[in-house]
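J.: Residue strings, one per chain:
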Amino acid sequence: MKIAIPLLLAVYYALHQDFWNWTAARPLAFGFLPAGLLYHGLYTVGCAALMALLVRCLWPADLEAWAERKPEE
Amino acid sequence: MGGKETGGVTPVIFVLAYLAIVLYIGIFAFRRSRSQAEDYFLAGRSLGPWVFVLSLFGTHMTAFAILGSSGHAFNFGIVTFGLMASSSAFVVPLCLLFIGTRLWAAGKKFGHITPVQIFRDRWECGHIGTVIFVLQAALLLPYIVIGVMGGGTALSVISGGLIPFWAGGLLVAAVVMSYVFFGGMRGTAWVNAFQTVLFLTFGLIAVFVIGNGMGGFASIAERMLADPKTSHLLTREKFSLLAFLSYTFNPLSAIAFPHIAIFCLTAKKMTQFKRTVMLYPLCILLIWLPCVCLGVFANQATEIPALAAKIDLKLATGRPVVADDVMLQLLSHFAPEWLAGLLGAGIMAAVMASDSQILALSTMFTEDVFAYYGARERFGQKTQVAFGRIFIVLVTAVAYFIAMNAKASIFDLAVQFSFAGFSAMMPLYVGALFWRGSTKWGALAATVWVAVCTVSLFFTPRGFTILGFAPVVPMTLGSVVLLWFVSLLTPKPSANTVNRYFSV
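Residue numbers (the working numbering), protein chains in the order written: chain A, -4 to 68; chain B, 225 to 728.
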């Protein structure tokens, strides 16, 4: 998990740089959405899935308990 | 294609009714709040899950997201979405998950209300915290200014010029100031939640109505592709890959924005961040995709005189034009008056997100300066809240004055000053919350670096790059290096303080 999550984040960040769509407008999704815009729309939906995974795997449960405890002297 | 004269009285009535509702919500919240600083500035750290999600998103989405994005897309095409929206959908939730939760925990455990209070406590510093406050305040002001500009532009276009830009800006500034003044964080949060629901709902309706009015987006896209003057707007061929990469640094600013950082402290429970982190990308998609589409396709709306003039000017000079009103022009022209009023109110909802920034500045002033230098002990909490309210009036007045004289577009103002500066401030948060070895001198070095860079940016021409990268990249990396290097060379805070923060 320690390697998998950072690797996943790095790959996902790299996928944002979609140079292969740079000069292409077609195919137009739904007749009007250029390829680059469709790609980034789907990328954004993918972000939501990625965040759900991260919340499930990396939620800092101990942090809330720490915060609720009174500060140590 | 349909269409009518731009603007009218009916939309103005809807927008004014909307402003009245917003005022009522703020005043209703005021009735519930007490004159305690934590209650006024942080809603008593008691915001529930849905108000927290909707309000945090509404706080982040401003005139920049609605008017600035469509204006930028009008000039540069679909690249706008990748530059700001999809990069934010990736970076902002990550910041909330890793840094926002830490901020909440530190605030909850040690009773802090502002980021500077955390920095002062964590690094055992006093005046360095004041330096950070001054820079944060200076960087936040342009963001408040674009809210006033957005309000002026929106009301002016919706009313078809009946309400001039100066009066629209004044009205919006006065309404925002009033409910922040009376309602504090509770009022601001409830208004933001209401506004988020409004602009998420009406944004989609706006796309459908305008698309139909323009004769369908499919035919517009085909016409744009057939014309060499507009086909590049449906690709990113005129934008450099390095500049595109640079923009992924801008969303780092989200968590360093004082209004977002302070908002993170208002959650009742840390688990409220879960829903926010997961829904954030989808909310961004719902707001930005319609705005970018409409901004791009506005290049075919030559039947609207104001847009035709912009298109001609753009083609004649080969340079981008100020186009913050593109979305509003489309709306006023293609939607029936009653619907234009409803949709206009939805747009006003996003434009008026400057409320939380004004409140944040007031909170920072009263906590980081007024209270820190002993005035709270001398005069009490009621006077502190009263000073906070006076500060709200002053900030709004200054922002209004600047907005009336600003020459740049909303997008440029935000990107060049606020986003770049706050992105470069983000390493301070990481250093304070995650690195035991960070020191106040490292923080000071990074802060001075950001200040010098921001002042320098003021004198550089638009589109200035360094080795192809936008200024935000060297600013942020420089900030990281300085924080790290100077911290290595300077004495650490006491072990007791460090252990308090890292005893999780």
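Hints are computed from structural coordinates only; laboratory data are not their basis.
Fair warning: there could be bad hints in the mix.
Unchecked claim - Computed list of chain A residues with no C-beta within reach of chain B, every gap over 10 Å:
(1) -3
(2) -2
(3) -1
(4) 2
As the list claims (entries may be wrong) - DSS-like, lysine-lysine: derived pairs with alpha carbons at most 30 Å apart:
(5) B:333 with B:453
(6) B:716 with A:-3
(7) B:453 with B:606
(8) B:333 with B:493
(9) B:462 with A:-3
(10) B:498 with A:-3
(11) B:493 with B:606
(12) B:498 with B:333
(13) B:333 with B:716
(14) A:-3 with B:453
(15) B:333 with B:538
(16) B:606 with B:492
Virtual Cβ for every residue (Gly too), placed ideally from N, Cα, C.
J.: Next, verify each hint and record whether it holds.
T.: Evaluation of the provided hints:
With a minimum CB-CB distance of about 15 Å to chain B, residue -3 of chain A clears the 10 Å threshold, and the non-interface call stands. Distance check on residue -2 of chain A: its Cβ is at least 17 Å (rounded) from any Cβ of chain B, clearing the 10 Å threshold; non-interface status holds. Distance to chain B confirms residue -1 of chain A as a non-interface residue, since its nearest Cβ pair spans about 16 Å, more than 10 Å. Taking the minimum C-beta to C-beta distance to chain B, about 15 Å, the non-interface status of residue 2 of chain A holds against the 10 Å cut.
A threshold of 30 Å between alpha carbons decides the hint, and for residue 333 of chain B with residue 453 of chain B the separation of about 58 Å lies outside it, so the pair is violated. Under the criterion of a C-alpha separation no larger than 30 Å, the hint pairing residue 716 of chain B with residue -3 of chain A is consistent with the structure, at around 29 Å. For the proposed pair residue 453 of chain B and residue 606 of chain B, the alpha carbon gap of about 61 Å is over 30 Å, so the pair is violated. Simply put, residue 333 of chain B and residue 493 of chain B have alpha-carbon atoms about 12 Å apart, close enough for the 30 Å limit, and the pair holds.
Restraint check for residue 462 of chain B and residue -3 of chain A: the C-alpha separation of about 39 Å exceeds 30 Å, so the hint is violated. With a CA separation close to 21 Å, the supplied pair residue 498 of chain B and residue -3 of chain A stays within the 30 Å bound. Of the supplied pair hints, the one linking residue 493 of chain B and residue 606 of chain B holds, its CA atoms being roughly 27 Å apart against a limit of 30 Å. For a cut-off of 30 Å, the pair hint linking residue 498 of chain B to residue 333 of chain B stands: about 20 Å separates their Cα positions.
About 22 Å separates the Cα atoms of residue 333 of chain B and residue 716 of chain B, which keeps this hinted pair within 30 Å; it holds. Our distance criterion of 30 Å between C-alpha atoms is broken by residue -3 of chain A and residue 453 of chain B, whose separation comes to about 50 Å. A C-alpha spacing of about 54 Å is found between residue 333 of chain B and residue 538 of chain B, which places the hinted pair above 30 Å, so the restraint is violated. Distance hint between residue 606 of chain B and residue 492 of chain B is fulfilled; the C-alpha atoms sit about 24 Å from each other, no more than 30 Å.
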